[in-house]
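If you read the sequence shown in my numbering, its first letter stands for residue 1, the second for the next number, and so on.
It should be emphasised that the hints constitute simulated quantities derived from the structure, not laboratory data.
In this text the structure is predicted, and so the values were computed from the model without any measurement.
Beta carbons: idealized from backbone N, C-alpha and C, even for Gly.
Please note that a few of the clues may not be correct.
Unchecked claim - Label pairs and their computed distance ranges (CB to CB):
1. D498 x K406: 53 to 59 Å
2. E380 x P494: 24 to 30 Å
3. N384 x N179: 22 to 28 Å
4. L424 x N255: 55 to 61 Å
5. K188 x D460: 55 to 61 Å
6. L398 x E508: 50 to 56 Å
7. P98 x N32: 42 to 48 Å
8. H252 x K406: 42 to 48 Å
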Amino acid sequence: MAQDKMEVFYSPIGGAGQIGMNLYLYGYKLPNNETNWIMVDCGIGFADDYYPGIDVMVPDIDFLNNKQNNLLAIILTHSHEDHYGAVSSIINNKIDVPIYCTKFTSELLKEKISEDYSENYLDIKILKDNAAFNIGKFKCNLINVAHSIPEPNAINITIGGINIIHTADWKIDEKPVINRKTDLEKFKKIGNNKCDILVCDSTNIFRSEPSITETKVASNLKKAIKSIKGMAIVTTFSSNVSRLISIINAAHSNNRKVVLSGRSIKRFVKVAKVCGYIDKDIFFINERDINKNSKKDICLICTGSQGEPNAALSKIANGRNNIVQLAKDDTVIFSSKTIPGNENSIGFLKNKIIEYGASIIDDSTQDIHTTGHPSRPEVEKLYNLLKPNTLIPMHGELFHLAEHIKVARENNIKNPIFAKNGDLVRLYPDSPMLWDQNEPNFYLRDGDIFITPNDRALKDRRRLQESGIVFINLVLDKNFILYVDPIVETFGIPNKMDDIDNVLEFIEYKIDDALDSLPKAKKSDDDYLIGYIEKNIRNHLFSIWGKKPFIKVCLTFV
Numbered sequence: 001m002a003q004d005k006m007e008v009f010y011s012p013i014g015g016a017g018q019i020g021m022n023l024y025l026y027g028y029k030l031p032n033n034e035t036n037w038i039m040v041d042c043g044i045g046f047a048d049d050y051y052p053g054i055d056v057m058v059p060d061i062d063f064l065n066n067k068q069n070n071l072l073a074i075i076l077t078h079s080h081e082d083h084y085g086a087v088s089s090i091i092n093n094k095i096d097v098p099i100y101c102t103k104f105t106s107e108l109l110k111e112k113i114s115e116d117y118s119e120n121y122l123d124i125k126i127l128k129d130n131a132a133f134n135i136g137k138f139k140c141n142l143i144n145v146a147h148s149i150p151e152p153n154a155i156n157i158t159i160g161g162i163n164i165i166h167t168a169d170w171k172i173d174e175k176p177v178i179n180r181k182t183d184l185e186k187f188k189k190i191g192n193n194k195c196d197i198l199v200c201d202s203t204n205i206f207r208s209e210p211s212i213t214e215t216k217v218a219s220n221l222k223k224a225i226k227s228i229k230g231m232a233i234v235t236t237f238s239s240n241v242s243r244l245i246s247i248i249n250a251a252h253s254n255n256r257k258v259v260l261s262g263r264s265i266k267r268f269v270k271v272a273k274v275c276g277y278i279d280k281d282i283f284f285i286n287e288r289d290i291n292k293n294s295k296k297d298i299c300l301i302c303t304g305s306q307g308e309p310n311a312a313l314s315k316i317a318n319g320r321n322n323i324v325q326l327a328k329d330d331t332v333i334f335s336s337k338t339i340p341g342n343e344n345s346i347g348f349l350k351n352k353i354i355e356y357g358a359s360i361i362d363d364s365t366q367d368i369h370t371t372g373h374p375s376r377p378e379v380e381k382l383y384n385l386l387k388p389n390t391l392i393p394m395h396g397e398l399f400h401l402a403e404h405i406k407v408a409r410e411n412n413i414k415n416p417i418f419a420k421n422g423d424l425v426r427l428y429p430d431s432p433m434l435w436d437q438n439e440p441n442f443y444l445r446d447g448d449i450f451i452t453p454n455d456r457a458l459k460d461r462r463r464l465q466e467s468g469i470v471f472i473n474l475v476l477d478k479n480f481i482l483y484v485d486p487i488v489e490t491f492g493i494p495n496k497m498d499d500i501d502n503v504l505e506f507i508e509y510k511i512d513d514a515l516d517s518l519p520k521a522k523k524s525d526d527d528y529l530i531g532y533i534e535k536n537i538r539n540h541l542f543s544i545w546g547k548k549p550f551i552k553v554c555l556t557f558v
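Let the sequences and hints guide you as you build the complete structure.
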């Protein structure tokens, strides 16, 4: 294919308009109008209260199944859930392509899919540091970056005479706990040669100061644990292996034995041992053996930093752990940030901890957490090294992307492009530009199936959540007279309302009224009769309660 005939595109499917669900596509169009794509990351998002009963969102990649689109491969930059977590959800009948990733990511991916598939189900290509590899006409090269998980990578993609840097998640940390720094020299070398397009992390673009190093956090954790008289309980993100190492070292330096509590922490520690990040000989005592030791000799590392109701820390705080009971001299350390949307659940959790007389240490009082994403000065430093002609912000809410565009202009980036989920940017030929816009789609994992955001079940759940439901079972004789008393059941309906002491009796009384007020000719139409009673009861409840619950009537004739 002649180079000047090639068209190259970029399209964010998720991650450019919300935190999470990262999935970015790079593609080149063939003369037959078929486009070959590579997928960079395939992550989940976490649903909010607007989707009751739903925890996880996954990107919609159905369009890749049509004849005009051909997925060549997936590249996973690292193993955070919002970058790799959707692979296990979409592999069945949706993708059958090689997955390129590092050893650490591959081990976690195999753990993740093992419940539903054999590890041989996926074609995983394990990459080493700074690996160079080709996928179709794409030439790819990994670049070491620092982040809050082992083996994160940026990607240098070259195709059609253009040079692209996709940063994924990164930061500058000159003193990491795991010896992996962002390779600024490599970025500088690329910039001196040519960087046409920078697709860059926007998460902390509003931060004006560089973050502290993981080594500084490690030192502060040692001091914090040293000050604790009773049990030290530390919660953090399970994937932050550097932080887990720091907590383990801090505990051992203070002569405390370490206990792991929570499935995800145990999984990450297991993989970290396999990959050599945590010494295989490190000994953890079993949670059931805690009470064989003095509390001052224990450091418990647990899940639940975001107030998740079924995580280990929530079970402890809510008295659902039969072994660990909080008391006056115990201290819970939150070595984590509060993810937006989790403020209430974390606040509730902290209140429960305080009720036991225990203490709390978090990043509002001590520097015991640091971010894994670049602040504005770090982003500007990358600009100076790469000197890109075009900046496309990603990994952020829309307001993060907009601010990143502003920062790019202030730093004299010639061509900043605001591209949100569903947009298509033509990168080549000519100057990169926004080419097309589409409404992004995604699926919601509902138990073991996937549904669309417009599924009626969600609308029903929101209404049930708001105003409850009334079930009415009526047995009528041939003259449409009640044969037995109505059977009424309510869910989510108050027992009393103002002057009404018994809502069930009130509903039964109004059913009698409704039947008496309806002409016999109308009663012979079952659908009309059911609709009339439902509307009548709904309106009566609304008049005294101000809410319209679901009303479901079942008719039986004898």
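For each hint, the structure was consulted:
1. Separated by about 54 Å at the C-beta atoms, D498 and K406 satisfy the suggested range of 53 to 59 Å.
2. As the Cβ distance of E380 to P494 is approximately 57 Å, the hint placing it in 24 to 30 Å is violated.
3. Between N384 and N179 the CB atoms are about 25 Å apart, so this pair conforms to the stated range of 22 to 28 Å.
4. Look at L424 against N255: about 59 Å separates their beta carbons, and that is inside 55 to 61 Å.
5. A hinted range of 55 to 61 Å holds for the C-beta pair K188 and D460, which are about 56 Å apart.
6. At about 52 Å, the beta-carbon gap between L398 and E508 stays in the expected band of 50 to 56 Å.
7. Separation of P98 from N32 is about 23 Å and departs from the stated range, judged on CB atoms against 42 to 48 Å.
8. Take H252 and K406: their Cβ atoms lie about 46 Å apart, and the range 42 to 48 Å holds.
Of the hints listed earlier, those the structure fails to meet are numbers 2, 7, in rising order.
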